[in-house]
Amino acid sequence: MCHQSVGLIARHLEAAGLPTIGLTSALSITAAANPPRSVLIDLPLGHTSGAPDDRVGQRQLLADALAAGYGIAPPSQGSPGTIVELAYRWIDDDWKANPLSWTRASQDGGSSGTSAGDTRTGRSLEPVYQTADDEALAAKRSSDEHCLTCLGLPAV
Amino acid sequence: MSELLAGRSPLSPADYIEATRSLYSSLGYDPYRWAERPDTPPFTPFAKPLSDCKVALVGSGGVYRAGQIAFGTRDDTSIRVIPSDTQVTELRTAHFAYDQHDARRDPNVVFPLTPLAELSAAGVIGTVAANAYAFMGGIYSTRRVEQEVVPLLTEQLLADEVDLVLLVPV
Chain P
1 MCHQSVGLIA
11 RHLEAAGLPT
21 IGLTSALSIT
31 AAANPPRSVL
41 IDLPLGHTSG
51 APDDRVGQRQ
61 LLADALAAGY
71 GIAPPSQGSP
81 GTIVELAYRW
91 IDDDWKANPL
101 SWTRASQDGG
111 SSGTSAGDTR
121 TGRSLEPVYQ
131 TADDEALAAK
141 RSSDEHCLTC
151 LGLPAV
Chain A
157 MSELLAGRSP
167 LSPADYIEAT
177 RSLYSSLGYD
187 PYRWAERPDT
197 PPFTPFAKPL
207 SDCKVALVGS
217 GGVYRAGQIA
227 FGTRDDTSIR
237 VIPSDTQVTE
247 LRTAHFAYDQ
257 HDARRDPNVV
267 FPLTPLAELS
277 AAGVIGTVAA
287 NAYAFMGGIY
297 STRRVEQEVV
307 PLLTEQLLAD
317 EVDLVLLVPV
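Heads up: the sequence lines are chains P and A, in that order.
Residue numbers for the first sequence follow the numbering used here, beginning at 1 and rising by one.
Residue numbers for the second sequence follow the numbering used here, beginning at 157 and rising by one.
Calculated directly from the structure, the hints in this document are not laboratory data.
By construction, the Cβ of each residue, glycine as well, lies at the ideal position given by its N, Cα and C atoms.
One should not assume that every hint holds.
[As the list claims (entries may be wrong)] Distance ranges between label pairs, derived from CB positions:
#, chain 1, residue 1, chain 2, residue 2, range
1, A, P166, P, A105, 23 to 33 Å
2, A, T196, P, D53, 38 to 48 Å
3, P, P74, A, E302, 20 to 30 Å
4, P, A73, A, L167, 26 to 36 Å
5, P, L137, A, D171, 39 to 49 Å
6, P, D108, A, R189, 32 to 42 Å
7, A, V244, P, A132, 19 to 29 Å
8, P, L125, A, L183, 14 to 24 Å
9, A, P201, P, E85, 19 to 29 Å
10, P, D108, A, E246, 18 to 28 Å
11, A, L308, P, A105, 27 to 37 Å
12, P, G152, A, E317, 20 to 30 Å
Construct the complete structure from the given sequences, taking the supplied hints into account.
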């Protein structure tokens with residue numbers, strides 16, 4: 001769903017005169033939404049821009065992605081809607097058997113865990129805080145003024 | 157040792173339309189109707205060399221900054237402004253459609269502020285725009301994406317006068 005949203009957003013930004021480069025780890029979804037410039041990074045969901053704590057790898061991946069995306073320059077190079085695949089891969093291919101069910105726990109050899117994928121259930125209209133401290137901090141600030149860096153929230 | 161390796165996998169890229177169809181079928185849901193835009197997409201050429209571009213990061217991984225209101229996970233179409241000099245240790249995530257474990261350990265895997273700053277320092281890009289933007293991209297309604305997320309984001313990025321928008325979905 002994220003990839004669909006981002007693909008559509010890219011089209012609108014370009015129509016407004018803003019050039020975009022979109023990363024993607026979901027080829028079929030991005031191809032359907034058809035944004036103008038995409039770079040495919042075929043890693044498990046949750047790692048669009050690399051592996052955790054890998055400063056060197058993340059930086060190289062992003063440099064390669066920007067160069068590849070910038071190189072989509074029709075009419076001489078590519079056409080609007082081009083998706084360039086980067087030469088990066090995950091350490092193993094096991095996740096590809098069921099890509100929606102990749103979890104850190106399953107990667108590290110623990111229980112396969114519940115699917116982290118989109119099961120349409122368990123979604124919340126209310127904010128879902130990572131930590132209780134985040135919730136307390138946000139509540140404290142919101143009591144003085146509505147979150148000024150939160151755009152598009154309903155007015156209090 | 158990193159789990160990111162150079163080279164392409166011998167297997168074809170993951171197909172999430174097929175995987176979602178299969179998952180929904182097993183759960184008794186009708187197939188999701190994915191957006192299809194087969195026309196030629198709008199296209200704006202770059203006005204500057206990459207090394208001169210002011211680049212803005214936009215991520216859909218549900219990233220917020222400690223102190224901000226977190227995202228709801230049910231079609232929340234709001235946006236968080238994240239100053240690009242925010243310490244990544246201040247970043248949090250709220251999402252439902254991916255395992256957030258690694259993103260919470262190192263937010264750069266879905267919101268690459270650190271590598272972007274490094275590429276600016278190295279001269280690969282020009283500058284990093286003062287603001288990055290984050291939202292929770294798991295929005296089922298494409299109408300709401302296009303009518304609620306797009307106008308706000310477009311207005312912000314035009315006002316920021318950026319030369320390149322780097323979009324990172326999750």
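So which hints don't hold here, by number, going up? none
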